[in-house]
Amino acid sequence: MSFDEFLIDMKQSKRKSIGQELKRKMRKKLKGLRQIILLEDVFPIRRSNTSIAELARVVKEKRGIPDIIVNNAGIINDNKKLWEVPVEEFDSVIDTNVKGIANVLRHFIPLMLSRNEGKNPAGIIVNMSSGWGRSGAAHVAPYCASKWAVEGLTRSVARELPSEMAILALNPGVIHTDMLESCFGDSSMKNYPKPDAWAVKAATMILNLTPADNGASLTV
Numbered sequence: 001m002s003f004d005e006f007l008i009d010m011k012q013s014k015r016k017s018i019g020q021e022l023k024r025k026m027r028k029k030l031k032g033l034r035q036i037i038l039l040e041d042v043f044p045i046r047r048s049n050t051s052i053a054e055l056a057r058v059v060k061e062k063r064g065i066p067d068i069i070v071n072n073a074g075i076i077n078d079n080k081k082l083w084e085v086p087v088e089e090f091d092s093v094i095d096t097n098v099k100g101i102a103n104v105l106r107h108f109i110p111l112m113l114s115r116n117e118g119k120n121p122a123g124i125i126v127n128m129s130s131g132w133g134r135s136g137a138a139h140v141a142p143y144c145a146s147k148w149a150v151e152g153l154t155r156s157v158a159r160e161l162p163s164e165m166a167i168l169a170l171n172p173g174v175i176h177t178d179m180l181e182s183c184f185g186d187s188s189m190k191n192y193p194k195p196d197a198w199a200v201k202a203a204t205m206i207l208n209l210t211p212a213d214n215g216a217s218l219t220v
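Per the UniProt record's numbering, residue 1 is the first one in the sequence shown, and the count goes up by one each step.
I should point out that these hints are in silico values taken from the structure, not numbers from a laboratory. Every residue gets a Cβ at the ideal spot worked out from N, C-alpha and C, and that includes glycine. Fair warning: there could be bad hints in the mix.
[To be verified] Cβ pair distances, simulated, as ranges:
1. V200 / W83: 37 to 43 Å
2. T204 / R134: 29 to 35 Å
3. I45 / L113: 20 to 26 Å
4. L207 / P162: 19 to 25 Å
5. I45 / A138: 16 to 22 Å
6. T50 / G136: 32 to 38 Å
7. L82 / R57: 36 to 42 Å
8. T204 / T50: 32 to 38 Å
9. T50 / L113: 18 to 24 Å
10. A53 / S135: 30 to 36 Å
11. D196 / G131: 17 to 23 Å
12. T210 / R63: 19 to 25 Å
Please model the entire structure based on the sequences and the hints provided.
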């Protein structure tokens, strides 16, 4: 694969860590000959279909078509039983974690396909999932539901892509992030890896993905 461009859609500490690590590894791999895009401000707008459409247009015009897209921006609800979660909070989780990814796919997959000339892979898309997207947990039902949706969305879209392209769900495991700290508290998270350490493994995995990984549910 020709790793010309990146679109990194992330949030908080994990965003910064993996973005920096991908950039470092790409520069080493490509010896500085290619450009790397780190669009770290996607999170606030990705719930808007029209905003993502405009973003896709600007990215293509200014920097070209990305080869790798990492969809990671996500939010979690406050710890509550489902019937105690306000409707607005539930909607916000779904709009960000599910519809946000759908908006990115809707506008960037056609771009990636348009670049494919039958010689090079059209691209790799990584949708960050969660262990709670493959199981469940009390008091975070909206978040679990959203990550199950990410898994299903990923597997379904994988069946719609050509063989030169791959989309997959990636479970990052348990990382000491601000988001999980909000669920468990700082003291409960101290034994889990920090984003910087996780990013080294994640970046290596992402850069070695191929079209053969299409539809997979992987874990870092």
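Hint-by-hint comparison with the structure:
{"no.": "1", "hint": "V200 / W83: 37 to 43 Å", "result": "holds, 41 Å"}
{"no.": "2", "hint": "T204 / R134: 29 to 35 Å", "result": "violated, 22 Å"}
{"no.": "3", "hint": "I45 / L113: 20 to 26 Å", "result": "holds, 23 Å"}
{"no.": "4", "hint": "L207 / P162: 19 to 25 Å", "result": "holds, 21 Å"}
{"no.": "5", "hint": "I45 / A138: 16 to 22 Å", "result": "violated, 32 Å"}
{"no.": "6", "hint": "T50 / G136: 32 to 38 Å", "result": "holds, 34 Å"}
{"no.": "7", "hint": "L82 / R57: 36 to 42 Å", "result": "holds, 39 Å"}
{"no.": "8", "hint": "T204 / T50: 32 to 38 Å", "result": "holds, 36 Å"}
{"no.": "9", "hint": "T50 / L113: 18 to 24 Å", "result": "holds, 21 Å"}
{"no.": "10", "hint": "A53 / S135: 30 to 36 Å", "result": "holds, 35 Å"}
{"no.": "11", "hint": "D196 / G131: 17 to 23 Å", "result": "holds, 20 Å"}
{"no.": "12", "hint": "T210 / R63: 19 to 25 Å", "result": "holds, 24 Å"}
Figure legend: structure checked against the earlier numbered hints; hints not met, in rising order: 2, 5.
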